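Participant: Using the working numbering, the first residue of the sequence shown is number 1, and each one after it goes up by one.
What the hints contain is simulated information worked out from the structure, not anything from laboratory work. These figures come from a predicted structure and were not determined experimentally. Take the hints with a grain of salt, since some may be wrong.
Beta-carbon label-pair distances, calculated as ranges [as the list claims (entries may be wrong)]:
hint, residue 1, residue 2, range
1, A119, H225, 35 to 45 Å
2, G81, T19, 32 to 42 Å
3, R15, G144, 33 to 43 Å
4, R101, R29, 42 to 52 Å
5, G76, Q18, 16 to 26 Å
6, R123, R29, 43 to 53 Å
The beta carbon of each residue, even a glycine, is placed where N, CA and C say it ideally should be.
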Amino acid sequence: MVRANGAVSLRELARVVQTSEVTVRRDVRALEAEGLLDRRHGGAVLPGGFTRESGFPQKSHLATAEKTAIADVAAGLVEEGEAIVVGAGTTTQELARRLARVPGLTVVTNSLLVAQALAHANRVEVVMTGGTLRGSNYALVGSGAEQSLQGLRVSKAFLSGSGLTAERGLSTSNMLSASVDRALVQAASEVVVLADHTKLGTDTMFRTVPTEAITRLVTDEPPAHDDRAATELQALADQGVQITVAGAAGTPEQPPAPRGQRASQLPGPRRGQVPGAALRGVLNDQPTERARVADLRRR
Numbered sequence: 001m002v003r004a005n006g007a008v009s010l011r012e013l014a015r016v017v018q019t020s021e022v023t024v025r026r027d028v029r030a031l032e033a034e035g036l037l038d039r040r041h042g043g044a045v046l047p048g049g050f051t052r053e054s055g056f057p058q059k060s061h062l063a064t065a066e067k068t069a070i071a072d073v074a075a076g077l078v079e080e081g082e083a084i085v086v087g088a089g090t091t092t093q094e095l096a097r098r099l100a101r102v103p104g105l106t107v108v109t110n111s112l113l114v115a116q117a118l119a120h121a122n123r124v125e126v127v128m129t130g131g132t133l134r135g136s137n138y139a140l141v142g143s144g145a146e147q148s149l150q151g152l153r154v155s156k157a158f159l160s161g162s163g164l165t166a167e168r169g170l171s172t173s174n175m176l177s178a179s180v181d182r183a184l185v186q187a188a189s190e191v192v193v194l195a196d197h198t199k200l201g202t203d204t205m206f207r208t209v210p211t212e213a214i215t216r217l218v219t220d221e222p223p224a225h226d227d228r229a230a231t232e233l234q235a236l237a238d239q240g241v242q243i244t245v246a247g248a249a250g251t252p253e254q255p256p257a258p259r260g261q262r263a264s265q266l267p268g269p270r271r272g273q274v275p276g277a278a279l280r281g282v283l284n285d286q287p288t289e290r291a292r293v294a295d296l297r298r299r
């Protein structure tokens, strides 16, 4: 599966082979020792440091539940009458399906899949970039796409990618896709990154959005054992990224943290606890009726 897809989550592996994540994690560790793959936060990738890009058919079957939860939360960030840009990707496609219900919305996109999801939304105007079709992800790329975005100004940009680290920011494996994503970012006042936990800590060839330019990250809650992913979230929060974590479905959204609260004001790790576990404590220390979203804001 890793050879076919380029990357795969432990959850997906456990589901396919019908065993526990504990067993899968042990087997992945053994395969890494043999040099057959590299472990990443909550998953595994092909060896070599930088993951290659998977095609749309492979991506569409990875972390589907996580992408759905992320899209549900991200749609709540869009207001009636806004103008936004939405980049290419399977998670942004899920977001587009939910945006069809937002009246008066204008969506600028280079993704055929995003446009298709909104094609029959009577109250949503869709503006597509120009460019050359890249068949692997159904996106328009190249100078035509970039030139069509010049002079554009919108409120928010919603982007996905192949990897996200606090040190480098959002990245992707394709140069043409990265160039268009950078143009999308330039058009927006706020940048919202949609990335499931398997992308946290993964670094790929071409940076699209530096960490300091990311306004908010919408992600899913890392597995209980994944302290490294939680540590990455803490590092992103420390650099000013607002972290919104999609949690249990069907519960109300937690109100935003008071303006001026910084990541450094979050409870520190207890004795013997790693920083990642400290962050998880913040996410899990909710009332009995657990909030669906934990929103950690730096400013």
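Participant: Next step is simple, just say for each hint if it's right about the structure.
Facilitator: We went through each hint and held it up to the structure:
1. As the Cβ distance of A119 to H225 is approximately 42 Å, the hint placing it in 35 to 45 Å holds.
2. Roughly 49 Å separates the CB atoms of G81 and T19, a value that falls outside the hinted 32 to 42 Å.
3. Restraint check, R15 to G144: a C-beta distance of roughly 40 Å satisfies the suggested window 33 to 43 Å.
4. Taking the beta carbon of each, R101 and R29 are about 44 Å apart, inside 42 to 52 Å as hinted.
5. Separated by about 35 Å at the C-beta atoms, G76 and Q18 break the suggested range of 16 to 26 Å.
6. Between R123 and R29 the C-beta distance comes to about 51 Å, which sits within the given range of 43 to 53 Å.
Hint compliance for this structure: hints 2 and 5 are not met, and every other hint is.
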